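Asker: One-letter residues, chain by chain:
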Amino acid sequence: MRHVVEIATIVAAIYGGGTALGASSEVQAALDRWEGTGEHQSIGEVLSFAATVRAHSARGDQEVLGRLLGILENSTQAFVSRREALRLSCELADEAAARKVVKIVRSGLETQHAEGPVPDSARALPGEFIRHGARHLMAVMNDHTELLALIKDIYVAGYDVWDVWHDFFHLITECKAPLAARQKALVDMIVARPADQIPLFAVNTLDESVFPALRERVKAERSPEKFHWTAAQVLADLGDAEVITALQEQKRSSGSANPKRARNLEVMIWKVQIQHPSSKLLDFIASTEVLEARPRSWAVQRAAALGIPYQRIRETILEHDRQARTKVERGGMVELKRVGLELGILQGVDLSHVPLDQSPETRP
Amino acid sequence: MTRKLKAIICLSCSAALVVGAACSLLRKPTLPQTGTVSVRAWIVVAPGESVGTRDNDGCRMTMAEVSAFLNALRSHARMFGGNVCFDPIEVATVQDFGLFLHGRLEPFSAFRDNVLLPYWMADRLNIYFTGAVQSPPPIGLPQAFTEDPSQSPPFGHPYILLNDGGDTLGTGFHQYRTPSELKSYHVLEHEVAHYLLRRSGAPGYDVEEHVPIGSANILWERIRLPPEVPTPDILPLLLPSAEQGETWCRVWNGVWNLPSPECNNF
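Here the protein sequences line up with chains A and B, keeping their order.
As numbered in my numbering, residues 346 to 709 make up the first sequence, in order.
As numbered in my numbering, residues 17 to 282 make up the second sequence, in order.
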């Protein structure tokens, strides 16, 4: 018996902690104390339990996962405790556990939804799932359909999204669900929040197939307070010529009473017009024209999304770099280079005289 | 190159400390001087905009709201240990051409080129009150963020940036719900704690460098977490005592804005 224990210890050491043989004694002890303290734990204790489990457990350890999911589901546990259990469950989950996590988060979402307005304290778990959990699950799940639906529903349900705003859209666009399902989810998200901004990288995954649903929203309400600005902006980004009428109507009604809104509408109309034909985008990129709220980096991203060959876009960026002389004309060069490199339009040697930001990472 | 510069700065700081200590031995012993952090707050608006206008592309906070942030920081200064104080606190307005180019949602690079680099003061804690500037890639979020003095120019320009989060029809960012909500003032204290602590890459913190592992105190939770924590409207943030020692030490030694590990002997 002693030999068996020793072999288990050696195997555990080789694999860096817990293995298929089961949780180590440190992990067992940490989980025992974690489960036992209920709502009276200090944050320091919970973090220390979590650190022990994280250091000594392997992905897919069924015993550890079962107990973590138990803590996650237990509504009498303190929030911080459930949050750490959620993070760890996602980090350690195999495919079966990942499906359970999705089910638990969804069930919490539905319960809170059914009870009326979501209290501040209940907003945090779905946010944590988006912030720290979903990406881990994405890596171990083969079928992303349920995960996609959950991410979309958290957004649509109106949770605070300010600090995970990009994460929602990155998760939706990067998951392995079929393109049509991802586009449908994005349309639902756009429709759900009439005064939001959708990141351009997400807009660029959409195409003409979403026009009818979004046009319907734009036409549904004409008063500026209820007008669907999100749908209108997405259609403008996508270059839908049919949206121009609605935008011009809004611009007329905004008029001199709201010059800022009128200006934003003008920009949206410009965005549509400059995509017809798409070669106008290239002319704009190459020029030295400086127009309010019309950055070249936007034009480059749209040109790429519309399928214009990268070599042609690259040439126009380089042409702009040659022509632009004044500080004002060169105002967007750093952003232009960053976008060009990100999309693979520019190579490392291009625009070597334009320094990219070398600041160390910042903390939110 | 960076390492070399850091080493030079460390050596200079150490030398300064040694000289300072020797001088203080020669003089009549005195109590430590109260450490102060000089603050330069910048309210960033677009060309042609005025401070406090609610549909600005730039900062939509009023001067009174900005002052309230700064006053809260001043009155809660003791959370950073000892007799730390923020003084003087100066406020200036700056026009950001990047806003003209990009509109309200501004990429960090545009902010950096048009505001940060031209309007940055080496001897001050530079705090920028802005509209919806995105944090540097790859995060890209228009919230509040900090670059601490882990590097100095030309490699880094330490700063704190707070976006307004006011009403934003057409942009959708409601970061602090309403700028006048008292608990939002702790966002600035939180960022100042990052700035003075310089936890970047340091062990002993959680992955976000917000929570000291094993500590019952919390740096982060009071801002956004809710349940079991007393309402943040009443209490300022808490820093664990060890961290208070670090921040106080930097301020007391006058090296709060330098990238040096000067507190090891404290």
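Note that these hints are calculated values from the structure, not bench results.
Bear in mind the structure is a predicted one, so any value in this text is a computation, not a measurement.
A portion of the hints provided could be inaccurate.
As the list claims (entries may be wrong) - With beta-carbon atoms standing in for the labels, derived distance ranges:
| # | chain 1 | residue 1 | chain 2 | residue 2 | range |
| --- | --- | --- | --- | --- | --- |
| 1 | B | 108 | A | 686 | 20 to 28 Å |
| 2 | B | 108 | A | 693 | 23 to 31 Å |
| 3 | B | 103 | A | 476 | 33 to 41 Å |
| 4 | B | 138 | A | 693 | 28 to 36 Å |
| 5 | A | 668 | B | 108 | 50 to 58 Å |
| 6 | A | 440 | B | 138 | 47 to 55 Å |
Heads up, the beta-carbon is just placed ideally off N, CA and C, and yes, glycines get one too.
Asker: Hint by hint, say whether it matches the structure.
Answerer: Checked hints:
1. B:108 - A:686: 20 to 28 Å: Roughly 34 Å apart at Cβ, these two residues miss the hinted range, so it is violated.
2. B:108 - A:693: 23 to 31 Å: violated, 39 Å
3. B:103 - A:476: 33 to 41 Å: holds, 37 Å
4. B:138 - A:693: 28 to 36 Å: holds, 32 Å
5. A:668 - B:108: 50 to 58 Å: At 35 Å between Cβs, range violated.
6. A:440 - B:138: 47 to 55 Å: holds, 53 Å
Violated hints, listed in ascending order, are 1, 2 and 5; each of the other numbered hints is respected by the structure.
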